[in-house]
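Chains as they are written, first to last, in the numbering used here: chain Z, 20 to 176; chain U, 87 to 188.
There's no promise every hint is true.
[What the hints assert, rightly or not] Below, a list of computed lysine to aspartate or glutamate pairs in the EDC-like style, where the Cα atoms sit at most 16 Å apart:
id, chain 1, residue 1, chain 2, residue 2
1, U, K117, Z, E37
2, U, K118, Z, E76
3, U, K96, U, E128
4, U, K97, U, D140
5, U, K175, U, E187
6, U, K97, U, D138
7, U, K117, Z, E76
8, U, K175, U, D158
9, Z, K99, Z, D117
[Stated by the list, open to error] Residues on chain Z that point at chain U, a partial pick, calculated with CB under 7 Å:
id, residue
10, P28
11, L42
12, T45
13, V81
14, I91
15, L140
16, T160
[As the list claims (entries may be wrong)] These stretches of chain Z come out as covered by chain U in the derived footprint (C-beta under 8 Å, 3 or more residues):
id, region
17, 48 to 58
18, 95 to 101
Bear in mind the hints are in silico, worked out from the structure with no lab data behind them.
All C-beta atoms in this analysis are idealised placements derived from N, C-alpha and C, irrespective of residue type, glycine included.
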Amino acid sequence: MSNETDPTPASLSALLAETSIRLDLTASNKEDAIRQTGAALLEAGAIDASYTNAMLERERSVSTFVGEGVAIPHGTLSGKDSVINDALVVLRFPDGVDWDGNDVRVCVGIAARGNGHIALLSQLATVLLDPDRAAALRAATTSSLVYELLTPDPEDE
Amino acid sequence: MATIDGSSIKKLIVACDAGMGSSVMLASTLKKQLAKNGVTVEHSPVASIPSDADLVFTHTGLADRARHTVPDVPVVPFQLFLGDPAVAKIVKAIQNGETFEA
Numbered sequence: 020m021s022n023e024t025d026p027t028p029a030s031l032s033a034l035l036a037e038t039s040i041r042l043d044l045t046a047s048n049k050e051d052a053i054r055q056t057g058a059a060l061l062e063a064g065a066i067d068a069s070y071t072n073a074m075l076e077r078e079r080s081v082s083t084f085v086g087e088g089v090a091i092p093h094g095t096l097s098g099k100d101s102v103i104n105d106a107l108v109v110l111r112f113p114d115g116v117d118w119d120g121n122d123v124r125v126c127v128g129i130a131a132r133g134n135g136h137i138a139l140l141s142q143l144a145t146v147l148l149d150p151d152r153a154a155a156l157r158a159a160t161t162s163s164l165v166y167e168l169l170t171p172d173p174e175d176e
Numbered sequence: 087m088a089t090i091d092g093s094s095i096k097k098l099i100v101a102c103d104a105g106m107g108s109s110v111m112l113a114s115t116l117k118k119q120l121a122k123n124g125v126t127v128e129h130s131p132v133a134s135i136p137s138d139a140d141l142v143f144t145h146t147g148l149a150d151r152a153r154h155t156v157p158d159v160p161v162v163p164f165q166l167f168l169g170d171p172a173v174a175k176i177v178k179a180i181q182n183g184e185t186f187e188a
């Protein structure tokens, strides 16, 4: 495969803007963390304000905790109409957030109508199945490290 | 519950509410694990699971809705999006062409 080491392909930074990677936040509880995730997606121009309610509604039906200290808040099917542009945000809460008994350190917020974010989520799944890389993501203090971890493997489709 | 032949699974659907996040992550993981076994893995909202699926994985909280959408397709509920034991067991059965209960 290619030996080029561009850590941030244009497609990745288009979906996950550097200003949408916020690594030193605190949240008083799960709802607060989801509201902050919604606010970051709103600032990224990804959603209209009603999407945050769809995120909270989704969380009430099924938790978006995916393991390894990571949750991926996103809206419901009906909330898709509130998505303006597909985008992701990464919010890190170094002190942790109680997520129904799970300790969440990183929220990856998702707003998507299309499928452009699938490679990135697939890479996130790969990172979370590798305990060392999952720990690196939980401890990340620079956006360049977040980009490095979430850059899809070129051997994937 | 029925006994299912792992080698008969050709189309596996991971269903969640929006088909936007969690199901995408599990589907991409399963796609890699089952690529050699000729299994097509897709993600879908529970309300639009294709009726030609051979097997559906969905979160416990959505299992009833999934069964309502595709009453004739076995639905396997799971709790954890990554590393769920029920999912791991079936993946292994499909990889080895063994039978499993669902």
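Checked hints:
Restraint check for U:K117 and Z:E37: the C-alpha separation of about 30 Å exceeds 16 Å, so the hint is violated. The hinted pair formed by U:K118 and Z:E76 fails the criterion: a straight-line CA distance of about 31 Å is larger than 16 Å. Simply put, U:K96 and U:E128 have alpha-carbon atoms about 11 Å apart, close enough for the 16 Å limit, and the pair holds. In summary, the hint linking U:K97 to U:D140 is supported, as the alpha carbons are separated by about 5 Å, within the 16 Å threshold.
Taking the CA atoms of U:K175 and U:E187, the gap is about 10 Å. The hint holds against a cut of 16 Å. At most 16 Å may separate the alpha-carbon atoms for a hinted pair to count; U:K97 and U:D138 meet this at roughly 8 Å. A hinted pair counts as satisfied when its Cα atoms are at most 16 Å apart, and U:K117 with Z:E76 does not qualify at roughly 29 Å. The suggested pairing of U:K175 with U:D158 is violated, with an alpha-carbon distance near 22 Å, which exceeds 16 Å.
Note on Z:K99 and Z:D117: the hinted pairing is violated, with a Cα-Cα distance of about 27 Å set against a maximum of 16 Å. Below 7 Å, beta-carbon pairs count as interface contacts, and Z:P28 has none with chain U, the closest being about 18 Å; its hint is therefore violated. The closest approach between the C-beta of Z:L42 and any C-beta of chain U is roughly 21 Å, which is over the 7 Å cut-off, so the hint fails. At its closest, the beta carbon of Z:T45 sits 24 Å from a beta carbon of chain U; the interface hint therefore is violated under the 7 Å criterion.
Residue-level restraint check for Z:V81 holds (minimum Cβ-Cβ distance to chain U is 4 Å; threshold 7 Å). Checking Z:I91 against chain U: minimum C-beta separation of about 5 Å stays under 7 Å; hint holds. Nearest Cβ of chain U to the Cβ of Z:L140: about 5 Å, under the 7 Å cut. The hint holds. Below 7 Å, beta-carbon pairs count as interface contacts, and Z:T160 has none with chain U, the closest being about 24 Å; its hint is therefore violated.
By the rule of at least three residues with a Cβ nearer than 8 Å to a Cβ of chain U, the coverage given for the region 48 to 58 of chain Z is violated, with 0 such residues. Figure legend: the region 95 to 101 of chain Z, annotated as covered by chain U; annotation consistent (4 residues with Cβ-Cβ distances under 8 Å, at least 3 required).
The structure does not agree with the numbered hints 1, 2, 7, 8, 9, 10, 11, 12, 16 and 17 stated previously, though it agrees with the rest.
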